[in-house]
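Asks: Let the hints inform the model, and build the full structure from the sequences given.
Those protein sequence lines, which keep their order, are chains A and B.
Taking the numbering used here as reference, the numbering of the first sequence is continuous, increasing by one, and the terminal residue is 371.
Taking the numbering used here as reference, the numbering of the second sequence is continuous, increasing by one, and the terminal residue is 371.
Sample of chain A residues facing chain B (criterion: CB under 8 Å; computed from the structure):
1) L25
2) I45
3) T252
The calculated label-pair distances, taken between Cβ atoms and stated as ranges, are:
4) A:E31 to B:A368: 44 to 50 Å
5) A:Q268 to B:M246: 31 to 37 Å
6) A:E226 to B:D142: 39 to 45 Å
7) B:D56 to A:G270: 31 to 37 Å
8) A:G270 to B:K100: 47 to 53 Å
9) A:E226 to B:A365: 50 to 56 Å
10) B:D56 to A:R369: 25 to 31 Å
11) A:P176 to B:D221: 49 to 55 Å
12) A:G230 to B:M246: 23 to 29 Å
Since the hints were made in silico from the structure, they are not lab data.
The beta carbon of each residue, even a glycine, is placed where N, CA and C say it ideally should be.
There are 2 protein chains.
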Amino acid sequence: MSPRAIHNFSAGPAMLPKAVLERAQAELVDWQGRGISVMEMSHRGADFTAIAEKATNNLKELLDVPDGYSVLFLQGGATLQFSMAVLNLAKQDSIADYVVTGSWGRKAHAEARRFCEARIAALTQRPSEPIPDVSQWSISPEAAFVHYTPNETIDGVEFHDVPDIPPSIPLVADFSSSILSRPVDVSRFGLIYAGAQKNIGPAGLTVVIIRDDLLSEVRSGVPDLMTYRVHAASGSMKNTPPTFAWYLAGLVFEWLIEQGGLAAMAIRNQEKAERLYRALDQSDFYTAPVPSTCRSRMNVVFRLVDADLESTFLQEAEGAGLMALKGHRSVGGIRASLYNAMPLAGVEALVEFLGAFEARYG
Amino acid sequence: MSPRAIHNFSAGPAMLPKAVLERAQAELVDWQGRGISVMEMSHRGADFTAIAEKATNNLKELLDVPDGYSVLFLQGGATLQFSMAVLNLAKQDSIADYVVTGSWGRKAHAEARRFCEARIAALTQRPSEPIPDVSQWSISPEAAFVHYTPNETIDGVEFHDVPDIPPSIPLVADFSSSILSRPVDVSRFGLIYAGAQKNIGPAGLTVVIIRDDLLSEVRSGVPDLMTYRVHAASGSMKNTPPTFAWYLAGLVFEWLIEQGGLAAMAIRNQEKAERLYRALDQSDFYTAPVPSTCRSRMNVVFRLVDADLESTFLQEAEGAGLMALKGHRSVGGIRASLYNAMPLAGVEALVEFLGAFEARYG
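Replies: What follows is the structure, encoded as C-alpha cells:
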C-alpha cells in the first residue's frame, strides 16, 4: 500500500470505489468458491449469465429504466457510438441535428457527417459561453434525431436539465461522463450511450440504452456488430462480451445501490462540486471560466490567473497526493474530475491545497 | 480457495495462467506503489503508456513480428474483424477468397459477403473431412485476400502448417484460438487477428497484426474506429483502449517469455494434445472424429460412442473438478480446450477420468 493518501482526479479511465476494487481483488482468482476467476468463465455459463443479468437489472433499477427500452453492454467506447448511432437511426440522406457544446460533441458531429446530413442545431465556441436555450436551437422537424452531450468532459460544461425538444424526435445523448451521477428521466431519450471508464467501470465497456422502436435497421451495409438490433436480440452476447468489465460494472452498480442510489449520489456530487467552485470563485488567484448555469459537477475546469504557474501547481499537487489534475492536452489548464467514486475528502484535500498554493505563490 | 483441484477446459473465455491471476490480484488495488489500480490510470499517462509499450514489444518478440508490421490492441472481438478486415482490404466489387473448414470460417464468410464478392475457395462440410490441399483451392488471381481460420474452436480442426498461397495475395487469418500456441512465420501473412479470450488474456481485447502496406483506405464510408490506419497511426489510442485487458495480456506475454517462449509452448501443447488423443484413440468407448492430419491441439473434440451417456459424462466430470467440457451448443459432444494455460496435470486428470468413466459405463 502507498503510505500517503492518494486522490486521483483523472478524467478517465477514472478512479473506482475502493470497496469495489477490494472486492474484485478478493475474488479475482477464485470467484465465490468456484475455483476460477470471473475472467475464466464461459460467457454462456450459468455463473456469468447470472452476473450479467444482475448487473443489467441493477442498472435498470438505478436509472429507473422504463419498459420498452433495451440495455446493452457493448465494446468500442463512446467514440464507436458516434458512427453506430447514426448508422442505426439515420439514412444516408437523413438530417440529424447536433448540439455542440464542447470537444466531444464536435467529434460526434464530425463523424456523423460522414454518414448522414448532420447539421449543427446549436453551438458554443468556448466553455465560457452559456449554452443557448433550447428555444433558440434550429431543429429540423424531419430530423432523424437530435444529439447532444450532457456533460463535456474536456470543457467542463454540463446541461443541468434535459433539453425539451419535440417529443416526436428521438433525443440521443453521449452520457459518458455524467451517467449515474444523478437521476435522469430515461423516457425523455431515444438513445443513451456511455463509455464505462468514468462512472461505470473499467475502460473497454460501453453501455447503451435504446428505446425499442429504434431497434430497426434503416440502412443496409452495416456490420452485424454495429447493429443495435443484433445486440438487443442476443442479450449483448452476439459474440463474447467483455465479461470482466461487465462484472466490475455490476460491482459498481451494487455499490451505488448501497450508497442510496442516484438521489444520494446527486446530493453528494452537488456538495463536492459546490465546495470546489466556491473555493475557486472566492479567489482572484484561480479562475473557473464556465458560467454557473452550465458548470459541470463531474469535471471542474479552472486556470491559474498566472498561467506560468500551472506546471508548478501540477507538480506540487502531485507531491501532495493530488494526481491527474492536468487539463486535457487540447485545452490545457487544470481539471479536477469528481465522479461518483471521488470522496468528499478528496475535494477537501484539493481545496486545502488550493489555499496553501495560493498562500505560497499568490 | 476451492478445496479440490479444478481444471477448466472452457473454450473461451478460457483459463489464464495462475501466476498471472495471482500477480494481477496482488497489484489490483495498488499497482507498484502508485496507490491506484491499473484500471484507474489515464491511458495517456506515463505509467499506462509504459505498460502498453512493454506488452506490445513482448508480443512482437514472442511472435518474432518482422519490421513493416503494426500490432494493434482493439475491441470488438474476432467477430468485428469479420467485417473490419473486408472494409479495410477489399472494395465492394473486390473478390475475396474464403477457405471454410468450420463454424467460424463459415461465419466470417457470411459477414464478408455483405461487403464484397466473398467466394468459397475451399470447403469442408464436417470435421471428419480432411482439409483439401492448397493445390486444390480455387483462388482467384485477382483476389483482394485469402481468408482462413487456422484453428476452428468449435470443430476441433487445425491447419498444421501455413498454407502456401501465391505471395502476391495477402493471407488473412483468424488466429483467435491458436495464436501464441506455437511459433508462426508472421511474414507469410497480410493480416492476423485474434480475440484475446483464449490464449492472450481476458475477453474484450482483440489483437491485430497487419502488414503496413495494407494500412490504406480502399473505400469510403468506413467508421473511423473500423479503420486500421487510424488505429495504427494512434498507437491503438484513437480512443480509450481496454486498458486493464491490455495490461493483463502483457502479464500473459511476460509469463510466456518466462516459460521459454513459443517454441517451448509448442512442445508442451503437442505433448498435451497427443496424450489426450492417444487415450481417445486407444478406446472404443470414445471417438475423435477429426482426421489426424488436421486435429486441433487447442480444442480436442470427441464423442462418446453411446451418445446417451454424454450428459452423465459431463456431470461426473464436473464432480471430478473437470469443468466446461461440453461441446459447443451448435454441435454437441465433448470438447476439451487445452490452451497455453492448461497444465499437463489437467490433461492427465482428464485422461484418468476417461479411463475411470469407461470402466464404470463401458
